[in-house]
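In order, the protein sequences belong to chains R and X.
Note that our numbering has the first sequence beginning at 1, numbered continuously upward.
Note that our numbering has the second sequence beginning at 1001, numbered continuously upward.
What the hints contain is simulated information worked out from the structure, not anything from laboratory work.
Heads up, the beta-carbon is just placed ideally off N, CA and C, and yes, glycines get one too.
Mixed in with the good hints there might be a few duds.
Taking beta-carbon pairs under 7 Å as the criterion, some of the chain X residues facing chain R (in silico) [as the list claims (entries may be wrong)]:
hint, residue
1, F1128
2, Y1164
3, M1171
4, H1187
5, R1390
6, R1391
7, V1392
Stretch by stretch, here's where chain X covers chain R in the computed footprint (C-beta under 8 Å, at least three residues) [as the list claims (entries may be wrong)]:
hint, region
8, 166 to 175
9, 274 to 286
Pairwise CB distance ranges (calculated) [what the hints assert, rightly or not]:
hint, chain 1, residue 1, chain 2, residue 2, range
10, R, S356, X, D1161, 52 to 58 Å
11, X, G1043, R, H335, 53 to 59 Å
12, R, G333, X, G1200, 37 to 43 Å
2 protein chains.
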Amino acid sequence: MRVFIAGMDGYLGWSLAQHLARRGHEVAGADALYRRSWVEEMGSASAIPIATIDRRLEALRENTGNAIPFWNGDLRDYGLVDRIFREFEPEAVIHLGECPSAPYSMIDREHTMFVQMNNLTTTFNLLFAIRDLAPGAHLMKLGTMGEYGTPNVDIPEGFFDVEYRGRKDRMPFPRQAPSWYHWSKVHGSNNIMFACKIWGLRATDVMQGVVFGSRIDGMGEDWRLRTRLDFDQAFGTVINRFSCQAVIEHALTPYGAGGQRRGFIPLRDSMQCLSLGLENPPEAGEYRVFNQFAETYSIRELADTVQKVALTLGLNAGVAPVENPRAAVERHGHHFAPDHDRLRELGYQPSRDVASEVREMLEDLLPHRDRIAKHQSALLPDVHWDGRRRRVDYLGKDGPSDWTWAGADEAVLKVDAASP
Amino acid sequence: MRVFIAGMDGYLGWSLAQHLARRGHEVAGADALYRRSWVEEMGSASAIPIATIDRRLEALRENTGNAIPFWNGDLRDYGLVDRIFREFEPEAVIHLGECPSAPYSMIDREHTMFVQMNNLTTTFNLLFAIRDLAPGAHLMKLGTMGEYGTPNVDIPEGFFDVEYRGRKDRMPFPRQAPSWYHWSKVHGSNNIMFACKIWGLRATDVMQGVVFGSRIDGMGEDWRLRTRLDFDQAFGTVINRFSCQAVIEHALTPYGAGGQRRGFIPLRDSMQCLSLGLENPPEAGEYRVFNQFAETYSIRELADTVQKVALTLGLNAGVAPVENPRAAVERHGHHFAPDHDRLRELGYQPSRDVASEVREMLEDLLPHRDRIAKHQSALLPDVHWDGRRRRVDYLGKDGPSDWTWAGADEAVLKVDAASP
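Put together the whole structure using the sequences plus the hints.
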């Protein structure tokens, strides 16, 4: 199938290009390479070194035999999108071309506006290009489980049957997103749902859990095939960030008491799910929603797992909770029971447990300790949800009273001593 | 109270400036005068002549004794918003500064993007300006009942208590908007709800029904005080459009069988409700939603009313249904039972019935028959929800079988005969 990947240079996009090429799809991509500069702006860098886009494409050709057409440009420019669609004639479009960071969207007015306008505009340009130039093409849009927030009821896959005052209807499940970024995804979801309704487009909206992991199969053969792995406050997801902390024996720093529960999915499972959705497209006019994650965990459980796995590699990382910069929107200890049946019905089988994935990631990261140590100030957040920007404090002994992990206080002391 | 009106040159904005000035508020406003050019772009003009903004402000000063500070500019420019807030120091902000047309947003990609980006940007700029420069100010944002769509259950005011799989929560009521414009309002509502949560702002989100009517009290004293009244497919609301058709004895042209049911509110009641909300602000951090309309009617009932009232003035307008350009999103004969208690609890009393309001409007319009006749081609829609643009057909005798209004066929014949 001819698959166009919007945002091919990112953590998922670069993995997906390889995964789909190896599965025999004809892949093309575009990217403006913004992720590289956003992470730099956050004072950080990918923990695992990545090649330039030219060397990446070269490696892909050498390793898979596929020459991947690639456009280095901004998909907010409809002229570019139009040209790509006319030249490549996609049968499917996987939309990863958005700015994916909640903290980045919370920095200030300029960043909020950039994230929402960028994400809305790229999505619109793809929708209109599909309507006008590739009306049968299947749009797979990467959304996030975060769109739902954490309601006190179970979370269905997009829609639910409601009974209200004695009448019934099937309706979109209400979204209660926790950041401007997450709202940009909700706005995009709403726009896509509507485009399917009025234009008969077919779309899969992927509510993905938090992704973690440093590789997919085949990626280790050539360093130029490796995907990025971020650990800064804005672009590093939590398990990846904990793993980077562990390899430099920095304390793991959950936000608050760590009682936030979320859905998580390994990078290789994300690829498995995206290709399942791609290869089992919806009907024309159908807008379907997948909740894409393997399991739910609390942040506390994950810190515990990373700490234990690290110890087996001789890495002694404490756990030192910090104040939660998202305290206004995150609850400690809450109901979280999202459905995730649709991908399993299509054949999704979770590949392995978190501990195995973390072990592989730590091994991949160990050779790059210096890169992480060099940017370790990026590990702790300073973007607060109330609009202020200041470094968070460690909670230490004055922290949550039920916080009893071994090593926490020692870790704080160790970190504090190391601070300038 | 110092009240800043964003979008002061529009149908509601100009009425509200007078209404609030007469109630003793200190009013300021801004507008880029885009509504004037949008209507011109639709090949139309206000049925009731309106003065230039300079003459309007002059008339307001002469008639109410108030000199109204006014900024002629685009609120997408944050520099302008910043300047206004520093100079005027508003205690309340009434946000009417958006493009308010569903058909206009459905014309093509450029119009879709313009409407969504314009509406999101002005709302963001006001939110950030309130946060940084007027944190106690109450934001009243004009939304629309259309945000809800037409679900098969009752519509609460913004939030509802849900029981789902045996658990309970209070959640935002799902929105199912019927146009890109309506979705822009949903996106804005979501953003405002979130701003209240993280920054402690106070906001009233007004889900307003379809407004109709040609004046509020005091407006008749000076022609420069009159507000605009549009009848084109994009900016003319349905009762106003029917009334303009009636005064030129053009057939009234409901879309399809006219079974769509909506909430409606006279212009003077809209003013009453907005000032009630303004003078009874929410608490800091509170995001509240009002469903602002007087009664619900089907389009068919309204055509019937306008036709009957017109007859009492000797105007013989038939009714000739046309194909529904919004057929993809509008249902004929559906449940529609929205709550509207909160404004009544604050003291809202509907002023008078539709027939009285229509009679006044027809009398106001009669002197301007020529202006309407001159632009009568703007009365019929050509913007279709499927993305095509072509003039709708009359349904005539092949139309809905339950369509039995007297005069329909004659009207069609009359209109057809008059067509070039």
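Inset, instruction - Apply the coverage criterion to the region 274 to 286 of chain R and chain X: a residue qualifies when its Cβ sits closer than 8 Å to a Cβ of the chain, and three qualifying residues are needed. - result: Our answer is that it is violated, as 0 residues pass the Cβ test (under 8 Å) against chain X, missing three.
Is 52 to 58 Å respected by the C-beta to C-beta distance linking S356/R and D1161/X? For D1161/X against S356/R, whose Cβ atoms are near 43 Å apart, the range 52 to 58 Å is violated.
Would the stated hint for Y1164/X survive a check requiring a Cβ distance to chain R of less than 7 Å? holds, 4 Å
Exercise. Lying within 37 to 43 Å: is that true of the beta-carbon distance G333/R to G1200/X?
Worked result: Cβ of G333/R to Cβ of G1200/X: about 24 Å, so the range 37 to 43 Å is violated.
*Within the assertion that chain X covers the region 166 to 175 of chain R, do at least three residues meet a Cβ-to-Cβ distance smaller than 8 Å?*
Coverage by chain X holds here, the residue count being 8 at a Cβ distance below 8 Å.
C-beta pair G1043/X, H335/R: status relative to the range 53 to 59 Å that was hinted
holds, 55 Å
Interface hint compliance - M1171/X to chain R, C-beta minimum distance less than 7 Å
holds, 4 Å
* Asked: Holds or violated: is the Cβ of F1128/X closer than 7 Å to a Cβ in chain R?
  -> holds, 5 Å
Exercise. Mind checking the CB of R1391/X against every CB in chain R and telling me if the closest is under 7 Å?
Key: violated, 19 Å
ask   = Does the interface hint hold: is R1390/X within less than 7 Å of chain R, judged Cβ to Cβ?
value = violated, 16 Å
Practice problem: Double-check V1392/X for me: the hint is only fine if its C-beta lies closer than 7 Å to a C-beta in chain R. | Solution: With Cβ-Cβ at 16 Å, over 7 Å, it is violated.
Classify the hint on H1187/X as holds or violated, based on whether any CB of chain R lies nearer than 7 Å to its CB. Given a least distance of 4 Å, the restraint on H1187/X holds.
The structure fails hints 5, 6, 7, 9, 10 and 12 (numbered hints given earlier, in ascending order).
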